[in-house]
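Going down the list, the sequences are from chains A and B.
For what it's worth, the working numbering labels the leading residue of the first sequence as 1, then goes sequentially.
For what it's worth, the working numbering labels the leading residue of the second sequence as 1, then goes sequentially.
Any given hint could turn out to be false.
[As the list claims (entries may be wrong)] Calculated cross-link-like contacts (lysine to aspartate or glutamate; reagent style DMTMM-like; alpha-carbon spacing at most 20 Å): (1) A:Lys226 <-> A:Glu172; (2) A:Lys96 <-> B:Glu61; (3) B:Lys58 <-> A:Asp94; (4) B:Lys58 <-> A:Glu91; (5) B:Lys67 <-> A:Glu91; (6) B:Lys37 <-> B:Glu192; (7) B:Lys58 <-> A:Asp158; (8) B:Lys37 <-> B:Glu198; (9) A:Lys71 <-> A:Asp138; (10) A:Lys96 <-> B:Asp59; (11) A:Lys58 <-> B:Asp94; (12) A:Lys57 <-> B:Glu91; (13) B:Lys96 <-> A:Asp59; (14) A:Lys57 <-> B:Asp138; (15) A:Lys195 <-> A:Glu35; (16) B:Lys57 <-> A:Glu35; (17) B:Lys57 <-> A:Asp94; (18) B:Lys45 <-> B:Asp138; (19) A:Lys37 <-> A:Asp148; (20) A:Lys58 <-> B:Glu91; (21) A:Lys239 <-> A:Asp94; (22) B:Lys164 <-> B:Asp59; (23) A:Lys58 <-> B:Asp158; (24) A:Lys67 <-> B:Glu91; (25) B:Lys96 <-> A:Glu61.
Hints are computed from structural coordinates only; laboratory data are not their basis.
2 protein chains.
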Amino acid sequence: MNYKESEAQTAQVNWHEFMPGIAIDCVIFGYHDKELKILILEYKKTGLFALPGGFVKKDEELNAAAKRVLKERTGLTDIYLNQFHTFGSLERADPKPMRKILEKNQGVAKQGHFLLQRFISVSYFALVDFKQVEPVPDLLSDSCLWYDINDLPPLMLDHEHIFKTALYHLRENINSHVVGQNLLDDTFTMGELQKLHETILGEKLHRTGFHRKMMLSGQLKRLGKKKTGKAHRAPFLYKFVKD
Amino acid sequence: MNYKESEAQTAQVNWHEFMPGIAIDCVIFGYHDKELKILILEYKKTGLFALPGGFVKKDEELNAAAKRVLKERTGLTDIYLNQFHTFGSLERADPKPMRKILEKNQGVAKQGHFLLQRFISVSYFALVDFKQVEPVPDLLSDSCLWYDINDLPPLMLDHEHIFKTALYHLRENINSHVVGQNLLDDTFTMGELQKLHETILGEKLHRTGFHRKMMLSGQLKRLGKKKTGKAHRAPFLYKFVKD
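Given only the sequences and the hints, what does the whole structure look like? Please build it.
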């Protein structure tokens, strides 16, 4: 599809299908081997960076809308989204960024356009292995890429605040073992689990303290030693206990 | 104010002031001496029971709207509201309860009335001492009363689900000491703290296990013994450590 076609398709969205005033934003964290990233879209011809987001259809469940939005904007499917907060400050009512996006893509931003109203944002986060997913930018976006959380581009509106709040919730939830289950193999070493926790928390943890805390939590079962060829130095393997 | 006046005032609400499709609901938990209750409104002449709720003005911050709604509907002020979830299922789009409320209060429920649209609900909870607050019903409500959480009237729409989700979040947050600070005196016995936890969790806790867990949490400082006249049997007093 060329640029002209993509512009035409963007302009054809039937905004009346959507609930007014309600946006959805997704903070998709990607972890792999000591790196923590998030997915960011760059809007075409604007230099504006944003979280993948969209709107709720009038006949659509809120959580279903979040899944659809994520799929449409990034190509990602089968991801468990955690709703973590709804943002409704007045600063996020600034229509300037959306006006710029409209003008650069359709040449005109009519007064009263759906995208220029005030939106609250119902926000979701997820944590995936960024080596396992291949994001695809949508028609509005030049790119949909993983950015290291310590090296983000400037984000539009309150999206940096949304990201930081998501990170807070992710860190608060790290001890719920659901967080790790889709990021580690079925069996893993304590070192691999500690690396995951350290990367998410953004700090070094004390090895024996971490080990003790994890075993006291009752979430882990110790299995045999990992086969490395050097039996006496091989680390133990663990798995998560099913609820 | 008599009934006619209250009806007239209800009918005069300028619905254009509000964001469409966005409701706010409040689960106000009240604790006192082993009892846990929530605030429920009964809509006049309808037999419908509901959480105190309302809408967001177009020029109003979301959290400010929650405070205003709570004040208007119950008379309560200076309460810290925790936003915990936004509900957006399609079941909650059923217009029948609101139609009944409109018909019983204004005699007519015009097609397209603001109250008959689909709303998502941004929901908040708070925990207060129910002996310290005096709820006042608003013009739409016959009563605004504390109900024991184990003996609630049938609630309209998905309000029972909202209440249960709030209770889940309250219980998850019980170990954040903020939960208890406005419910206990500045100094308190371990027994008083345990009673609060047991009431919120809805289960008996083991005395020594609870004591150990609380002291390990680092949230409490032990002071002298409580003055009871019988020094050797007097319990110790504790206070929360400031962050």
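Tested hints:
no., hint, in the structure
1, A:Lys226 <-> A:Glu172, "30 Å, violated"
2, A:Lys96 <-> B:Glu61, "19 Å, holds"
3, B:Lys58 <-> A:Asp94, "13 Å, holds"
4, B:Lys58 <-> A:Glu91, "13 Å, holds"
5, B:Lys67 <-> A:Glu91, "19 Å, holds"
6, B:Lys37 <-> B:Glu192, "18 Å, holds"
7, B:Lys58 <-> A:Asp158, "18 Å, holds"
8, B:Lys37 <-> B:Glu198, "14 Å, holds"
9, A:Lys71 <-> A:Asp138, "9 Å, holds"
10, A:Lys96 <-> B:Asp59, "17 Å, holds"
11, A:Lys58 <-> B:Asp94, "13 Å, holds"
12, A:Lys57 <-> B:Glu91, "15 Å, holds"
13, B:Lys96 <-> A:Asp59, "17 Å, holds"
14, A:Lys57 <-> B:Asp138, "33 Å, violated"
15, A:Lys195 <-> A:Glu35, "10 Å, holds"
16, B:Lys57 <-> A:Glu35, "42 Å, violated"
17, B:Lys57 <-> A:Asp94, "16 Å, holds"
18, B:Lys45 <-> B:Asp138, "14 Å, holds"
19, A:Lys37 <-> A:Asp148, "4 Å, holds"
20, A:Lys58 <-> B:Glu91, "13 Å, holds"
21, A:Lys239 <-> A:Asp94, "48 Å, violated"
22, B:Lys164 <-> B:Asp59, "31 Å, violated"
23, A:Lys58 <-> B:Asp158, "18 Å, holds"
24, A:Lys67 <-> B:Glu91, "19 Å, holds"
25, B:Lys96 <-> A:Glu61, "19 Å, holds"
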